[in-house]
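Protein chains: 2
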Amino acid sequence: MAQPLALQGLLKQLARLPGLGPRSAQRVALALFAAPTRLNDLTEALQRAAQQLGTCTVCGNLAEFNADGGCVCPICLSTTRDATTLCVVESVADIWALERGGDYRGRYHVLGGVVSALQGVSPDDLSLGQLEHRLRTAIPAVQEVILALGASLEGQTTSHLVASLVQRAAPQAILSTLAKGMPVGASVDYLDEGTLGLALAHRQRL
Amino acid sequence: MAQPLALQGLLKQLARLPGLGPRSAQRVALALFAAPTRLNDLTEALQRAAQQLGTCTVCGNLAEFNADGGCVCPICLSTTRDATTLCVVESVADIWALERGGDYRGRYHVLGGVVSALQGVSPDDLSLGQLEHRLRTAIPAVQEVILALGASLEGQTTSHLVASLVQRAAPQAILSTLAKGMPVGASVDYLDEGTLGLALAHRQRL
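Protein chains in written order, with our numbering: chain A, 1 to 206; chain B, 1001 to 1206.
If you're looking for bench data, these hints aren't it; they were derived computationally from the structure.
Treat the hints loosely; a few may be bogus.
[To be verified] Selected chain B positions facing chain A (Cβ under 10 Å, derived; list incomplete): (1) Val1028; (2) Ala1031; (3) Glu1064; (4) Ala1067.
[Stated by the list, open to error] The calculated label-pair distances, taken between Cβ atoms and stated as ranges, are: (5) Gly102/A to Gln1156/B: 49 to 59 Å; (6) Ala15/A to Ala1151/B: 21 to 31 Å; (7) Ala1097/B to Thr84/A: 52 to 62 Å; (8) Ala31/A to Thr1037/B: 19 to 29 Å; (9) Arg27/A to Asp1192/B: 45 to 55 Å; (10) Ala15/A to Thr1080/B: 27 to 37 Å; (11) Ala1097/B to Gly102/A: 44 to 54 Å.
[Stated by the list, open to error] Here are some chain A residues pointing at chain B (derived, C-beta under 8 Å): (12) Pro18; (13) Pro22; (14) Gln26; (15) Asn40; (16) Thr43; (17) Cys76; (18) Val92.
Where a beta carbon is used, it is the ideal one built from N, C-alpha and C, also for glycine.
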């Protein structure tokens, strides 16, 4: 028995989502049909999101369209956040993670990825041009750029790339990076040698 | 920073899907916004599915609406499939699994679940009334009912329930159940004692 076309189309779209495969797409499709309103609720949520959300033209965050049709996120619009500190992140999810803590009061720049030869991501695929333009034209000038990229090989390669860009476009700015060490709640015997080595090297006085 | 309302709504709907939680919902939402057409593709697939798909009024399978607005699945409409053999399954996903093999040429009945005290599923939540009506009114009469429910405690409880219903409503019908034993590709030393015991008890002559 061939599956109905409308079902095949839905399964194909669901299976393309990250973390879902053909089997879990089937499970999701059946769950949507199991409860009468769920299919419509999801459809409406997607439509609303498509109409109302865009990419912040300053930093790349996901944001609501403004009344004038432009799209600048609340963090870039805020007058209480420190405009002289810029935190460079890989994706919007990283902004969400940092905002959950609430410790950071500066602004962001979303690169849209990290350089990766394996995944075919080159520096041209990242928003480095926008970052350079932003650093050159910022008023007040940026005084610190925090590199908050992943502690992977690709993240570190990209950090070096961004660092040299910052030194060129905003020579006055301090460069910093997230501290490496033990995560909160970790136990020493489960830590890998790399993390343990860095935690030792950067040990702090009590 | 609070997330935009449209985004919160989308995340809530995505996180309700089986297999997705708050974190994976975020990942899915960002992936939908990362590629320009994906959000619309998914929305359209959902709309098409909602318009064109319903539950087969005979067996409970997921099927396209017919030209007359009714909804009977191709398996129930087919004249080449054996109408005297009925396979009772828990969900539509089980039909898909059995149809993938292509070994079964009879019809189905979807119960819509199994009795489970833990999950609050009572016999009234299953399509037992429809099954009884179907067995009493079937022309030609059903000659065999295959119980293809899970090999769990809940599945077996439900099998007993369905068996007594079949004996009452269609006393002429043979009752059978899926064979228990070694799955294809399994190695003996990884099998649990229960499966191994059943595989031994039901051993077959070469």
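The hints, checked one at a time:
Checking Val1028/B against chain A: minimum C-beta separation of about 5 Å stays under 10 Å; hint holds. Among the interface hints, the one on Ala1031/B holds; its C-beta lies about 5 Å from the nearest C-beta in chain A, closer than the 10 Å criterion. Nearest Cβ of chain A to the Cβ of Glu1064/B: about 4 Å, under the 10 Å cut. The hint holds. Hint on Ala1067/B is violated. Least Cβ distance to chain A is approximately 14 Å, over the 10 Å limit.
For Gly102/A and Gln1156/B, the hinted distance range of 49 to 59 Å is satisfied, since their beta carbons lie about 52 Å from each other. Take Ala15/A and Ala1151/B: their Cβ atoms lie about 28 Å apart, and the range 21 to 31 Å holds. The hinted range of 52 to 62 Å is satisfied by Ala1097/B and Thr84/A, whose Cβ atoms lie roughly 60 Å apart. For the hinted restraint 19 to 29 Å between Ala31/A and Thr1037/B, the CB-CB distance of approximately 25 Å keeps it satisfied.
A C-beta distance of roughly 24 Å is found between Arg27/A and Asp1192/B, which places it outside the suggested range of 45 to 55 Å. The given range of 27 to 37 Å is respected by Ala15/A and Thr1080/B, whose C-beta atoms sit roughly 31 Å from each other. Checked against the hint of 44 to 54 Å, the pair Ala1097/B and Gly102/A passes, with Cβ atoms roughly 48 Å apart. For Pro18/A, the shortest C-beta to C-beta distance to chain B is roughly 5 Å, which falls under 8 Å, so the interface hint holds.
With a cut of 8 Å, the hint placing Pro22/A at the interface with chain B is violated, because the nearest CB-to-CB distance is about 11 Å. Because the smallest distance between the Cβ of Gln26/A and any Cβ of chain B comes to about 6 Å, under 8 Å, the interface hint for this residue holds. Using the Cβ-Cβ criterion of 8 Å, the hint placing Asn40/A at the interface with chain B is satisfied: the shortest such distance is roughly 6 Å. A least Cβ separation of about 4 Å between Thr43/A and chain B falls short of the 8 Å threshold, and the interface hint therefore holds.
Interface hint status for Cys76/A: violated, as the beta-carbon distance to the closest one in chain B is roughly 11 Å, over 8 Å. Among the interface hints, the one on Val92/A holds; its C-beta lies about 6 Å from the nearest C-beta in chain B, closer than the 8 Å criterion.
Hint compliance for this structure: hints 4, 9, 13 and 17 are broken, all remaining hints hold.
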